[in-house]
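Peer 1: For the protein sequence lines, the chains are A and B, in the order given. Heads up, the final residue of the first sequence is numbered 389 in our numbering, and it's a clean run with no missing numbers. Heads up, the final residue of the second sequence is numbered 242 in our numbering, and it's a clean run with no missing numbers.
Misleading hints may appear alongside valid ones.
What the hints assert, rightly or not - Which chain A residues stay away from chain B? Per the calculated CB distances, all over 12 Å, these: (1) Asp-261; (2) Asp-277; (3) Val-283; (4) Gln-380.
Claimed, not checked - Capping the alpha-carbon separation at 27 Å, the derived lysine-lysine pairs in DSSO-like fashion look like this: (5) A:Lys-379 <-> A:Lys-309; (6) A:Lys-314 <-> B:Lys-93; (7) A:Lys-379 <-> A:Lys-278; (8) A:Lys-314 <-> B:Lys-189; (9) A:Lys-333 <-> A:Lys-370.
To be clear, the hints were calculated from the coordinates, so they are not data collected in a lab. Note that the Cβ used here is the ideal one computed from N, Cα and C, for glycine as well.
Here's the letter readout for the chains.
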Amino acid sequence: MVYSDKVIDHYENPRNVGSLDKEAEDVGTGIVGAPECGDVMKLQIQVEDGVIKDAKFKTFGCGSAIASSSLATEWLKGRTVEEATEIRNVDIVEELALPPVKIHCSVLAEDAIKQALADYQNKQGDEPVSTEE
Amino acid sequence: MLDPFTLLELPHTFDLEACVLRGALLKGSLQWHPDRFALANEIERAEAEDRMASLNRAHERLIDPLQRAEALLTLHGQALGNGTDQTSSPMFLMEMMEIKEEADTALNSGNNKRLASITASLKNNEQQRIQAITLAFREWEAADRPNDQLDGLRGLVTEAVYVRRTLEGIRPVPTH
Numbered sequence: 257m258v259y260s261d262k263v264i265d266h267y268e269n270p271r272n273v274g275s276l277d278k279e280a281e282d283v284g285t286g287i288v289g290a291p292e293c294g295d296v297m298k299l300q301i302q303v304e305d306g307v308i309k310d311a312k313f314k315t316f317g318c319g320s321a322i323a324s325s326s327l328a329t330e331w332l333k334g335r336t337v338e339e340a341t342e343i344r345n346v347d348i349v350e351e352l353a354l355p356p357v358k359i360h361c362s363v364l365a366e367d368a369i370k371q372a373l374a375d376y377q378n379k380q381g382d383e384p385v386s387t388e389e
Numbered sequence: 067m068l069d070p071f072t073l074l075e076l077p078h079t080f081d082l083e084a085c086v087l088r089g090a091l092l093k094g095s096l097q098w099h100p101d102r103f104a105l106a107n108e109i110e111r112a113e114a115e116d117r118m119a120s121l122n123r124a125h126e127r128l129i130d131p132l133q134r135a136e137a138l139l140t141l142h143g144q145a146l147g148n149g150t151d152q153t154s155s156p157m158f159l160m161e162m163m164e165i166k167e168e169a170d171t172a173l174n175s176g177n178n179k180r181l182a183s184i185t186a187s188l189k190n191n192e193q194q195r196i197q198a199i200t201l202a203f204r205e206w207e208a209a210d211r212p213n214d215q216l217d218g219l220r221g222l223v224t225e226a227v228y229v230r231r232t233l234e235g236i237r238p239v240p241t242h
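Go ahead and model the full structure; you've got the sequences and the hints to work with.
Peer 2: Here's what the structure looks like:
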């Protein structure tokens, strides 16, 4: 498998690796996995006045899964919660030039974002923002 | 592609003893072993090799209870696939992540003793899950395979596959 330069860059220098306090009121946590490859991905956002101030991830998986979640945290920072729901896996596929066999890695990242947003909104007692297209 | 049970002319059931599987493989070998095609033409020989390889792969899958359970789920439209898992609880996923982190730490600090103990505990975990899967599939078949139990079975198999993949991932060399 040949990885694109962008995947290799994120893999070798992952952005925003780490954890936020998952009990904090202003933090939303998403944790997702794909059993067949055994990948597990945790993605967290910290929100202030409706804007995502910080995003962290921790992923155990292949290069594409790490790159997808690393890129996702970069894209999340500075967005409003509303805007964050607009991130689609196809955008990640395009940006990282993922081959078809690795598309599920980008789906995993999108699902982690959705879960993190839902968890945050749940804590705020909000109705979840629809992530359907 | 034929499912492994059909390939080996076996019934679609979880309860297949190793000797039954072995017998089915031998029966197939009698027909397709390449030795029997030593004097045949190239096309026939190639077909026999393909058939024999499929039979061996089917046997390998069915001899392993976890892969046998997966094959049965696939036959019932519940293939695990490589998509996002919608069944496992966040708590279970967090537990898997913590084990992976611990193993990583042990690996990076060259703590082989710790690594060995993590591996042993995962193996034990996998065995317990396979026992639970065995019981659950037997009960499901005894109850005439009710569809409403499929989700539960899929959940059990999914978690066991995670444990196995986590176990396989504990190696000094990255697998992919």
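Peer 1: Does each hint hold? Answer for all of them.
Peer 2: Going down the list of hints, with the structure as the test:
Every C-beta of chain B lies more than 12 Å from that of Asp-261 (chain A), the closest at about 19 Å, which supports listing it as non-interface. With a closest Cβ-Cβ approach of about 14 Å to chain B, Asp-277 (chain A) is found to remain outside the 12 Å limit, as its non-interface label requires. A cut-off of 12 Å between C-beta atoms confirms that Val-283 (chain A) is not in contact with chain B; the least separation is 14 Å. For Gln-380 (chain A), the requirement that its beta carbon stay farther than 12 Å from each beta carbon of chain B is met, with the minimum near 18 Å.
Between Lys-379 (chain A) and Lys-309 (chain A) the alpha-carbon distance is near 17 Å, which keeps this suggested pair within the 27 Å criterion. At roughly 50 Å between alpha-carbon atoms, Lys-314 (chain A) and Lys-93 (chain B) are farther apart than 27 Å, so this suggested pair is violated. A distance of roughly 11 Å separates the Cα atoms of Lys-379 (chain A) and Lys-278 (chain A); the hinted pair therefore holds under the 27 Å criterion. Note on Lys-314 (chain A) and Lys-189 (chain B): the hinted pairing holds, with a Cα-Cα distance of about 24 Å set against a maximum of 27 Å.
Our distance criterion of 27 Å between C-alpha atoms is met by Lys-333 (chain A) and Lys-370 (chain A), whose separation comes to about 15 Å.
The earlier numbered hint that this structure contradicts is number 6, and it is the only one.
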